[in-house]
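Colleague: Single-letter residue listing:
Protein chains: 4
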Amino acid sequence: MSTTQRPRTGTRGRIIDVALELFSEQGYQETSLREIADRLGVTKAALYYHFKTKDDIVHGIIEQAAAPIDEVIAWGEEQEWSPEVRDELIRRFAAGSAERAPLLRFFHENQPALRDSSAGLEFKERMIAMIKLVHGPEATPAARLRAAMALFSFHTALFLLKQDLAAGPEALCATGTVTTLDQATEVALEVALEIAARIDSPRD
Amino acid sequence: MSTTQRPRTGTRGRIIDVALELFSEQGYQETSLREIADRLGVTKAALYYHFKTKDDIVHGIIEQAAAPIDEVIAWGEEQEWSPEVRDELIRRFAAGSAERAPLLRFFHENQPALRDSSAGLEFKERMIAMIKLVHGPEATPAARLRAAMALFSFHTALFLLKQDLAAGPEALCATGTVTTLDQATEVALEVALEIAARIDSPRD
Amino acid sequence: MSTTQRPRTGTRGRIIDVALELFSEQGYQETSLREIADRLGVTKAALYYHFKTKDDIVHGIIEQAAAPIDEVIAWGEEQEWSPEVRDELIRRFAAGSAERAPLLRFFHENQPALRDSSAGLEFKERMIAMIKLVHGPEATPAARLRAAMALFSFHTALFLLKQDLAAGPEALCATGTVTTLDQATEVALEVALEIAARIDSPRD
Amino acid sequence: MSTTQRPRTGTRGRIIDVALELFSEQGYQETSLREIADRLGVTKAALYYHFKTKDDIVHGIIEQAAAPIDEVIAWGEEQEWSPEVRDELIRRFAAGSAERAPLLRFFHENQPALRDSSAGLEFKERMIAMIKLVHGPEATPAARLRAAMALFSFHTALFLLKQDLAAGPEALCATGTVTTLDQATEVALEVALEIAARIDSPRD
DNA sequence: CATGAATGAGTCTTCATTCAT
DNA sequence: GATGAATGAAGACTCATTCAT
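Protein chains in written order, with my numbering: chain A, 1 to 204; chain B, 1 to 204; chain C, 1 to 204; chain D, 1 to 204.
Note that these hints are calculated values from the structure, not bench results. Predicted model, so just to flag it, every value in this text is computed and none were measured. Incorrect hints may appear among the rest.
Note: identical chains are not told apart, hence a pair may lie in one copy or across any two.
In the BS3-like style, the derived pairs of lysine-lysine whose C-alpha atoms are separated by at most 25 Å in a straight line are [said to hold, decoys possible]:
no. : residue 1 : residue 2
1   : Lys132    : Lys162
2   : Lys54     : Lys124
3   : Lys44     : Lys54
4   : Lys124    : Lys52
5   : Lys162    : Lys124
Between the sequences and the hints, there should be enough to build the whole structure, so can you do that?
Modeller: Listed below in structure tokens is the structure:
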């Protein structure tokens, strides 16, 4: 469906793919342009033909990877808010989470580096839009926080999964059959819906 | 109560305080030893008198700040597991969250930098111990994941709050009176208990 | 004859020349990359474009300067051993000694710095090959030692000459006309042949 | 006999011993005061109580270790020169060579570091005195060079032995029984006397 | 006698970036 | 489209040295 998910042809696209891969694996600061260039088999200078700056690569990454979220947002903005719509938003957001994993991971684990970057802000704005759609109009601060937490549960689950895999079979969840990326997403969806369910009536 | 929380006298202690402050504000990589030294009014070389390496400072930070968590773990290990114990564990963990905020933040937002650091592993181990205590023995992978997510909800809430404050009054939650650090913690506690409640009976 | 002896064009070659010059004058450790860069009129970073590491420069030096020795070794390996071949080996080795002086000097006076360096080992291997050719097959340990001493007499002579020149006209040999580089080499050759002559019949 | 050869009591003496050991093993520049202090179980500052400067330690080393050479020089200065005296000088010089090995080694392998050091000059002067005694008055430059080379043959042999031991059993001389320190010295003495024998009648 | 704390100068090295070709 | 060569700024780290205690 989305044309942006598979490795693009053309150097520019390949740079984005490799950069996201490395950034999410090792971090933004920890990844040098030389590494990216090396893995691509080109020179550093070639990167500068396609991107004005290292930060600009992040720009490209987000631009390319945020499209699916934009679709969800667009859909949400056309609906009248209701608990059903809210849950559907979360489900749609969840739908792409698995593929977006590297992006989410990159975004969260590199806050310090992205803090002052214009590219980071772009992504943040999208998340804020999503959050607003989830909690609906005139929400209390607590409700807003819940909405945000619901959405971030996906990231948390993904984060934990990664830690887990890195730690080997001894680790906290990886007891064999269950915790694959998909199953982690499933649990995260469950949790997200639970959290969101109490948005209206925080105390029963 | 704990004597380790407020700025210690002695240069070594002051280094730890300032370093944690800067690391959690700007990130580990983004903070140079010069900055730390400057803010302390000493030379870089003085840092090296007290710590063998930049990484070693992180070591010191964790050693110093993880003591409260260790207490909770110690308590938990003495109890027979039960849903009540589980909830109490979460509450005790929550209790110090507000003060520990910078540490949690630092830990999460600097994953890339800490990944290969022995200091990072130390902290990770403590979290794993907490998670195991929360889900109790013989838990399913899904239950384990939930346990982890419950505990991490504090971090998520803190993370969101920070983003929020940084963004100014326009932002998602900060509508004036409510979302202070304490209130964020409160919501996070609520959410954590909800998530944990379903550990045993994931679907009702 | 050999095209590698005079200053090469191209920065890489110039770095090697200047580095050997400085290393042999002041020592490896005592020569900073800044000095090399300054004398070349480039920045330190430029050195790193051409060499991965300070040690790598040594690598380059040896690679470039050891070619003449390799030729002698190659010749020696084709001959059937005999006292005449042995003496010819020494003469051929002596032939280039004067030009190779800085290299020999650098190699000997920087043992501590080169000890753990892969570059140093490369040179050592060449010397060992030469020594083996000189003493021939099935030599007694004493014979081997003599062979080695014969070859090293060139270094000793060169070393003494340098000390001498540094010390001014008051010094041990420099009584005016005689001891130039060539004449020192000549004496060294004489001595080397004497030492080698007794390899077979150590005691008469 | 000499009281200076075994580890002295008193910190000052122990510093000298340890320093010589490390300097000759790893080199002067390559050995930091911290290493010396650590191996002694004291602090760097303690070294400064006993020596004004790092270079001053070298001073101490030479002062302490050169005494035996001074004795030989003193004896030589009382004799009327003759070939027999010359040979006896060499034999006396050889006598202590084995014990003095680390000093000789240190002196030669650290030329670059000692070049500008007043401590280095002291030792050099002693060697010059020895050389002058060996070649006798009114010697030709070539004769002087030979005299020097004769004496330095001990260093060469020691140097080669060390290289050898470092290289393991595969190496050039170490074929089992022979080349110990003593036997290397023996060969060196033989060679030294040969070289010296031709001082008068360089060409037969 | 010796230490604990600190410094200033300097080291090697890495990086994002530029530009002529 | 891309490269080879180079730069300037910065970073972590080391070292000899000092001095009050």
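Colleague: Next, verify each hint and record whether it holds.
Modeller: Now for the hints, and whether the structure bears them out:
1. Lys132 <-> Lys162: For Lys132 and Lys162, the Cα distance is within 25 Å only across copies (17 Å; inside one copy 28 Å).
2. Lys54 <-> Lys124: within (19 Å within a copy, 31 Å between copies)
3. Lys44 <-> Lys54: For Lys44 and Lys54, the Cα distance is within 25 Å both inside one copy (11 Å) and across copies (23 Å).
4. Lys124 <-> Lys52: Answer is within; shortest intra-copy Cα gap is 22 Å, inter-copy 36 Å.
5. Lys162 <-> Lys124: Classified as both; 22 Å inside a copy, 13 Å across copies.
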